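> Just so we're aligned: 26 in UniProt numbering is position 26 of the sequence shown, and the numbers increase by one with no gaps anywhere.
Heads up, some of the hints might be wrong.
Derived EDC-like pairs: lysine to aspartate or glutamate, alpha-carbon spacing no greater than 20 Å straight-line [as the list claims (entries may be wrong)]:
no., residue 1, residue 2
1, K42, D31
2, K22, D72
3, K22, E32
4, K26, D37
5, K22, D37
6, K25, D37
7, K42, E32
8, K42, D72
9, K25, E71
10, K22, E71
11, K42, E71
12, K25, D72
13, K26, E71
14, K26, D72
Quick list of simulated restraints, FRET-style, between CB atoms [said to hold, decoys possible]:
no., residue 1, residue 2, range
15, Q29, E71, 13 to 21 Å
16, F34, S69, 14 to 22 Å
17, L75, Q48, 12 to 20 Å
18, S69, V24, 13 to 21 Å
19, Q48, Q83, 12 to 20 Å
Treat the hints as calculated values from the structure; they're not laboratory data.
Nothing here was measured: the structure is a model prediction, and the numbers come from that model.
Ideal Cβ positions, reconstructed from N, Cα and C, are used throughout, including at glycine.
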Amino acid sequence: MKKSLLVMGSLLILVGCSSSIKFVKKANQTDEQFRNDMMYCKGEALGQWNDRNGVSQVNLRSQQMGPMSYEDCMLQMGYSQSQ
1 MKKSLLVMGS LLILVGCSSS IKFVKKANQT DEQFRNDMMY CKGEALGQWN
51 DRNGVSQVNL RSQQMGPMSY EDCMLQMGYS QSQ
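Whenever a hint applies, use it, and build me the whole structure from the sequences.
As structure tokens, then:
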């Protein structure tokens, strides 16, 4: 169990480091809310939040199919890219 958590944590760090696109916090959003959304989207990109049929909740809301990237997830959640 600990080993799988360590592997997942390492993957999240790698995904976060590899992303070159930065996003801007929403108005009146706390740092914690922003961080939670970032972590959710990183997990979404890794397929961690897929249901038992392999479908992500973000894809259901946006009525799309296929894998969701971190950037796509953040954009779907209403974030804008920093300049």
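> Would you pick out the hints that fail for this structure and give their numbers low to high?
Structure breaks hint 19 only.
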